[in-house]
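These are the residues of each chain, in order.
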Amino acid sequence: MPDRALYTPHHPRWLRHRVSTWWWLGRWSYFAFILRELSSIFIAWFVVFLLLLVRAIGAGDMAYRQFLDWSGRPLVLVVNVVTLLFVLLHAVTWFNLAPKAMVVHVGSKRLPGALIAIANYGAWVVVTGGIAWLLLGGTNG
Amino acid sequence: MADRITMEVARYRPEADDAATFERYEVPCGPEWVVLDGLNYVKDRLDGTLSYRWSCRMGICGSCGMTVNGEPRLTCATFLSDYAPGPVRVEPLGNFPVVRDLVVEISDFLEKLGKVKPWLVRRDERPLSEGEYRQTPDELEEYKQFSMCINCMLCYAACPIYGLDPTFIGPAAIALAQRYNLDSRDQGADERLEVLSEHEGIWGCTFVGECTTVCPKHVDPAGAIQRYKLTAALASLKSLVLPRGAGKEEAARNA
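Note that the protein sequences, when read in sequence, are chains A and B.
Counting from 1, one number per residue, gives the positions in the first sequence under the working numbering.
Counting from 142, one number per residue, gives the positions in the second sequence under the working numbering.
Read the hints as simulated data drawn from the structure, not as lab findings.
The C-beta atom is built at its ideal place from N, Cα and C for all residues, glycine as well.
Worth double-checking, as some hints may not be accurate.
Below, a sample of chain B positions facing chain A; criterion: calculated Cβ distance under 8 angstroms [as the list claims (entries may be wrong)]:
(1) Pro155
(2) Ala161
(3) Asn210
(4) Val239
(5) Glu246
(6) Asp279
(7) Trp344
(8) Gly345
(9) Thr347
(10) Gly350
(11) Glu351
(12) Thr354
(13) Arg368
(14) Lys370
(15) Leu371
(16) Ala373
Taking lysine-lysine pairs in the DSS-like style, the calculated list, with each CA pair at most 27 angstroms apart, reads [stated by the list, open to error]:
(17) B:Lys256 to A:Lys109
(18) B:Lys285 to B:Lys184
(19) B:Lys256 to B:Lys285
(20) B:Lys379 to B:Lys256
(21) A:Lys109 to B:Lys358
(22) B:Lys184 to B:Lys258
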């Protein structure tokens, strides 16, 4: 196939539209996409926060208490609440994507996408519940 | 319901204009009139200079895709009465250069389509005497959804990634590559993997999902792309741990 169709030189005045800087405000799905892309920054912050927590625990009781005091500051709390919302958006996006990316066959029949999504959400709930039990319930015993 | 509706139609005359302008036409608005009927009425009765593409008038040829009130639509399947009392704004498909009025330049898409080899590739052709390549209904079902694509390019018009980065191979080309990858008679998946696993291939897609939303044939190009991402990722992983070439062949079989 040629690089360019042969008649190209006879249409020298094609009208080309420049994409607006604000294109992502034109449609809800575009805006949701930008929010999802933005969520990666908050995911990165969540990882940094977790590493700081681990470092504080490793540095002893005083460092851990200082970390808790710092975490309780209004600004850090607001950032972490926003982070939680973005982490949830990020997670839900990937769980909803799973049935599109994964095709599972049982015998010759393809499993419906809803089942794959339910299995993913189910695993999420079980793992979250397990961690919550370990951190909250498990320590009380 | 009003028996007439106003259409605002984008006009661009390359010999005279530097930008698109809109002209207003009043057309009949019967219950069965689609946007394409309105354009045909304008062409036949009001202004013969209007240029646009159409052919089958029944959602098969994929020629009459345009932007109707901001949404990429097949104009033969979009009823004027849904936009009453009007006006209905008709523009060329977005993300493509405009040749004239509502006609867009599509050679970029056709060039990309050819790159993914949207035909059955056989390494070993059987002699005719052995008969046809047979398929079970389940094997047909594997790729049937993707075979519904009519190359109308509404998905390209809806895809912001293609608008921002025209080197992206685009939704329909990837969905059609999957149509052949998943066909039990095809043996060309490894050749398509070379094209699709490039940065301009599947990895350009960030799963906005509008291609699937606007597709008039329910092809789900976004799903095809996400599925192929998993295939390509597994292929790279296997090529690291398996002997040379084995991962790619495995991926080709599992596409």
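Each hint tested on the structure:
1. Pro155: At 4 angstroms from the nearest chain A Cβ, B:Pro155 passes the 8 angstroms test, so the hint holds.
2. Ala161: With a minimum Cβ separation of about 6 angstroms from chain A (threshold 8 angstroms), the hint on B:Ala161 holds.
3. Asn210: Not OK, violated: B:Asn210 not within 8 angstroms of chain A, min 13 angstroms.
4. Val239: Given a least distance of 4 angstroms, the restraint on B:Val239 holds.
5. Glu246: holds, 6 angstroms
6. Asp279: Given a least distance of 5 angstroms, the restraint on B:Asp279 holds.
7. Trp344: violated, 14 angstroms
8. Gly345: violated, 14 angstroms
9. Thr347: holds, 7 angstroms
10. Gly350: holds, 6 angstroms
11. Glu351: Hint on B:Glu351: holds, closest Cβ of chain A at ~5 angstroms, below 8 angstroms.
12. Thr354: holds, 7 angstroms
13. Arg368: Constraint on B:Arg368 satisfied, holds at 5 angstroms.
14. Lys370: Since the shortest Cβ distance to chain A is 6 angstroms, the answer is holds.
15. Leu371: holds, 5 angstroms
16. Ala373: With a minimum Cβ separation of about 11 angstroms from chain A (threshold 8 angstroms), the hint on B:Ala373 is violated.
17. B:Lys256 to A:Lys109: violated, 32 angstroms
18. B:Lys285 to B:Lys184: violated, 37 angstroms
19. B:Lys256 to B:Lys285: holds, 21 angstroms
20. B:Lys379 to B:Lys256: It holds: about 25 angstroms lies between the C-alpha atoms, which stays within 27 angstroms.
21. A:Lys109 to B:Lys358: Cα-Cα ~23 angstroms, so holds.
22. B:Lys184 to B:Lys258: violated, 38 angstroms
Consistency with the previously given hints fails for numbers 3, 7, 8, 16, 17, 18, 22, ordered from lowest to highest.
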